[in-house]
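K.L.:
Okay, here's what each chain looks like letter by letter:
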Amino acid sequence: MNPDSPQAHEESAAASAGQPGGNGASGPSVLVGPPALDQHTPLLALLEQGLASEQGGSSVEAPALAGKAVDFASRGYHVEMTVAPERVVLAAQLMDSSGFALDTITGVDWLAEGQMELLYDYFHPESPTRVLVRCRVPRAAPEAPTISAVFPGANWHERETHEFLGIRFQGHPNLTPFLLPEDADYHPLRKDYAA
Amino acid sequence: MSALAAIQIGEPLRLVLFLLGIMAFVGFNAAYLVWAERKGAGRFQRRVGPSEVGYAGLLQPIADAVKLLTKQVLVPPGADATLFRAAPILVIAPALISLAVIPFGPALAARDLNVGLIMIFAFGSVNVMALMLGGWSSRNKYAIISAARVVSQNVAYEIPMLLVVVTMLLVTGTMSLTKIVEDQAGGFWHWNLFRLAANPLMPLTFLTFYICMLAETNRAPFDMAEAESELVAGAYTEYAGMGFGVFFMGEYANILLGCSLATVLFLGGWQCPFGLLPGVFWFLVKLYLLVFSVIWVRWTFPRTQFYGLLNLSWKILIPLSLGTLVLSAAMIKLLGR
Amino acid sequence: MSPSEVIAAPEGQRETFVLNLGPQHPATHGVLRLKLTMDGEFIVRAEPVCGYIHRMHEKMAENRSYAQFLPNTSRIDYLSAMTYTHAFVGAVERAAKLEVPPRAEFIRVITSELNRISSHLVWLGAYLLDLGGFTPLLYAFDDREKILDLLEGVTGARLTYCYYRFGGVCNDVDEAFTRGTKEFVAYMRPRLDMYRALVTDNIILRKRLVGIAPISAETCRKYGATGPVIRGSGVAYDVRRREPYSAYPLFDFEVPNFPEGDCMARYLVRMEEMAQSLRIIEQAVDRLPEGPVMATAVPRVLKLPAGDVAYAVEAARGRFMVHIVSDNKEIPYRVKLRTPSLSNLSLFEEASQGLVLPDAVALLGSLDLVIPDIDR
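Protein chains in written order, with this note's numbering: chain A, 1 to 195; chain B, 1001 to 1337; chain C, 2001 to 2376.
Simulated from the structure, these hints should not be mistaken for laboratory data.
For glycine and all other residues, C-beta sits at the position ideal for the given N, C-alpha and C.
Treat the hints with care, since some could be wrong.
What the hints assert, rightly or not - Calculated pairs, DSSO-like style, for lysine-lysine (alpha carbon to alpha carbon, straight line, at most 27 Å):
(1) 1039/B x 1071/B
(2) 2097/C x 2222/C
(3) 2059/C x 2329/C
(4) 1333/B x 1179/B
(5) 2222/C x 68/A
(6) 1039/B x 1067/B
(7) 2097/C x 2329/C
(8) 68/A x 2097/C
(9) 1141/B x 1071/B
(10) 2329/C x 2303/C
(11) 2059/C x 191/A
(12) 2303/C x 68/A
(13) 2182/C x 2222/C
(14) 2146/C x 1039/B
(15) 2035/C x 2222/C
(16) 1315/B x 2207/C
(17) 191/A x 2329/C
(18) 191/A x 2303/C
(19) 2097/C x 2146/C
(20) 1141/B x 2222/C
(21) 2059/C x 2303/C
To be verified - Not the full set, but computed from the structure, chain C residues with beta-carbon under 10 Å of chain A:
(22) 2049
(23) 2058
(24) 2090
(25) 2094
(26) 2225
(27) 2230
(28) 2311
With these hints in hand, go ahead and build the complete structure from the sequences.
P.N.:
Here it is, written out as structure tokens:
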């Protein structure tokens, strides 16, 4: 893992901003490179620790939440964590204590693989870091614990994911349809849903 | 004026003719004040207002009246039918009756009662009750909330209004409206508005009366009862067709009454500002200037919250009018009327 | 009873009734239903019920190619359509590694900022309408007509633009547009002063907004509220600064934020944002570079590499993010549209407890919701 230093990015930004590409040819665009990771977020420190532990370090919790850095310029997020369904709440707590906010919860139906995937996007109000937490659940019985106790905003996102895909969130106070009619018993976003 | 006095017609017939005249006046005004309001609103909002029906939209009120007459008057199921139908009538009838004592011109009062001022306020209280009845009997939650608000608002604003009227009683010494106007003869410096020797805060008293009049007639920015953006149409939600039309007419009749009263009490009624040719023309000019200002205020200001409204009355207007009353009493005791 | 006493009173002691606000109601800005449990005039619980205009854009995205989905993006939030198309186009460009020419990026910034101003003008008029002031709506729409005329000349549409393409924009702007935009900036600045004098400084408006419905920055973070909602609570979070995109890093503008967190703070943020947008437009038009407006070598049929890509923009209402999951086919596998109004509305239940109805309406207007944005 090698996050580019903020200084390097700012220099490249200044350099490319200095010449508003008047040459019309297929030169590099005037735009600045991707924003840099803030070197001092506790998340980063924990991730470094986690990755170090993958190579034989000492932390106990960290391997469960180890993440990897990702190229922002082609993905749009900096860190990607793959967790088991039971660890979703722990990941949310880590995000919350580091000051992140929940962007959205996305459910993906991988019909061919017999799994469903939960994607939790997080953004930070004061730092440019973007984190994606992934979690795979079996398609036959898709369940995951709710994070609405940590992020109240997750309440509606989980209701929506449940009604579109059928993923049950254990411990959710009110898992009724959010956008579909109250008596909807179908899950439209599933790949095998035929209207 | 002398011609009218020369025609000796019997008193009951004269009274009936005057009352019919008042009803025609109110009816015509209710229709065409709506037109004036819509044109005024349009111009304030940089658009034209009704302009299709008739020249400059002058036939629009007729078209609206025909539309309202042809609509079915629905009584919602479960509503109290008698009270539901009675409420609009109770809004307009007191206004019509109260206009009987307003002196439109030198001999143009339907009845010159020597307790005219008190009679107007006695009948004015019925307005509150009528809106409450309309709201309550509609069996609709929005209407009930609106009825509750109307009661608290109107009760709160009746008090400073009555205090202002008592102050004017002290200053003028009579309750007969015709006499009040006759005492203001001679030019605008004789008007009660400028009678600072008796009440140094007279312009403030006029302003208090104006604000209370806006609140009593439920006009914006005091239109809690009908706060469109919150309560849909408030107490009027369930009314359709001519029931709604009569409420509307009642609202404009009350505005006319309030502005007529302000004209008579403060602005000299039918007296000319320069003491030359008094007559009904001056009364109408002043009346319509005040009505225009009421329309102007409606389209300019946003609405207060109802607790802001009530705070204004209880915490500001009542102490102010009470203080003015005491001050006037003191001035009159010291300097004479 | 004060609001805190209302909330504190035990359930059994309150005599409550349920008032249904909407789905057809003048104050809910679209088809939103609010089930209000009221104790007299105080709200005990407000439960928003959404879904009345749910059109399932995310399912449509799984059945259309990337280019075929472009018109859908304008219909999610029709008032801020340019910025929404920008996010989708940006996501595809990010994954397919398309380079947008500088002139196109500048044009995108100019049109997005014009769109932001027109969206805020609608918000201003509609908000004052909720508060009982009927007249500013007409003045705001008058100003908005000028923006719509400018954008119609370039894109052909007045509201739901489909102007951006993968790799640039579809039409170049002409002399009439740049001249018209400069005239508009010069015209709009004194108009903003007029709004300040006539509307913002009006004492009745101040009584309606100052100190009403405060929302803390922590609440905003917990619910994911962004845009003027979080900027009105003291946090200077703007996607144009945190995750810079397009040509925004080249321009000099401030991110207005006010610490009070009440309705007035959110109101002032939007008024200030209009002024800042004018600044950006002015700089962009002055420095508009020459060149093509479309990238060369854009494949006719786009296939994104397998995996995820996300792209966020600062729309008029807050952070709009598109998250595309691709399996290397011409049509996306999953498209997630993260809309700002949904997150902004989710804090209404907590923020409206104990408020009276007029203050709840003021809070709802200050969140600046567009219901199709919530329901998609």
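K.L.:
Hint by hint, note whether the structure agrees.
P.N.:
Hint check:
Distance check on the hinted pair: residue 1039/B and residue 1071/B sit about 25 Å apart at the alpha-carbon level, within 27 Å; holds. Straight-line distance between C-alpha atoms of residue 2097/C and residue 2222/C comes to about 34 Å, which puts the hinted pair past the 27 Å bound. With a C-alpha separation of about 16 Å, the suggested pair residue 2059/C and residue 2329/C falls inside the 27 Å cut-off, and the hint holds. At most 27 Å may separate the alpha-carbon atoms for a hinted pair to count; residue 1333/B and residue 1179/B meet this at roughly 22 Å.
A distance of roughly 25 Å separates the Cα atoms of residue 2222/C and residue 68/A; the hinted pair therefore holds under the 27 Å criterion. Restraint check for residue 1039/B and residue 1067/B: satisfied, since their Cα atoms lie roughly 19 Å apart, inside the 27 Å limit. Note on residue 2097/C and residue 2329/C: the hinted pairing holds, with a Cα-Cα distance of about 16 Å set against a maximum of 27 Å. Distance hint between residue 68/A and residue 2097/C is fulfilled; the C-alpha atoms sit about 22 Å from each other, no more than 27 Å.
A distance of roughly 24 Å separates the Cα atoms of residue 1141/B and residue 1071/B; the hinted pair therefore holds under the 27 Å criterion. A distance of roughly 5 Å separates the Cα atoms of residue 2329/C and residue 2303/C; the hinted pair therefore holds under the 27 Å criterion. Restraint check: the Cα-Cα separation between residue 2059/C and residue 191/A comes to about 10 Å, which is no more than 27 Å; the hinted pair holds. The suggested pairing of residue 2303/C with residue 68/A holds, with an alpha-carbon distance near 26 Å, which does not exceed 27 Å.
Using a Cα cut-off of 27 Å, the hinted pair residue 2182/C and residue 2222/C is violated, with the two alpha carbons roughly 41 Å apart. Taking the CA atoms of residue 2146/C and residue 1039/B, the gap is about 25 Å. The hint holds against a cut of 27 Å. Of the supplied pair hints, the one linking residue 2035/C and residue 2222/C holds, its CA atoms being roughly 23 Å apart against a limit of 27 Å. Between residue 1315/B and residue 2207/C, the direct Cα distance comes to roughly 15 Å. Compliance with the 27 Å bound is thereby established for this hinted pair.
Pair hint residue 191/A plus residue 2329/C holds up; C-alpha atoms about 15 Å apart against a cutoff of 27 Å. Among the hinted pairs, residue 191/A with residue 2303/C is consistent with the structure: their alpha-carbon atoms are about 20 Å apart, no more than 27 Å. At most 27 Å may separate the alpha-carbon atoms for a hinted pair to count; residue 2097/C and residue 2146/C exceed this at roughly 36 Å. Restraint check for residue 1141/B and residue 2222/C: not satisfied, since their Cα atoms lie roughly 34 Å apart, outside the 27 Å limit.
A threshold of 27 Å between alpha carbons decides the hint, and for residue 2059/C with residue 2303/C the separation of about 18 Å falls inside it, so the pair holds. With its C-beta approaching chain A no nearer than about 9 Å, residue 2049/C sits inside the 10 Å limit, and its interface hint holds. For residue 2058/C, the interface hint holds, the least distance from its beta-carbon to any beta-carbon of chain A being 7 Å, beneath 10 Å. A distance limit of 10 Å between C-beta atoms decides the matter here; for residue 2090/C the minimum to chain A is near 9 Å, and the interface restraint holds.
Checking residue 2094/C against chain A by beta carbon gives a least distance of about 6 Å; that is within 10 Å, so the hint holds. The interface hint given for residue 2225/C holds, since its Cβ lies 8 Å from the closest Cβ of chain A, which is under the 10 Å cut-off. Of the supplied interface hints, the one on residue 2230/C holds, with its beta-carbon coming within about 7 Å of a beta-carbon of chain A, less than 10 Å. At about 5 Å, the closest approach between the beta carbon of residue 2311/C and any beta carbon in chain A falls short of 10 Å, and the interface hint on this residue holds.
The structure fails to meet hints 2, 13, 19 and 20 from the earlier list, while all remaining hints are met.
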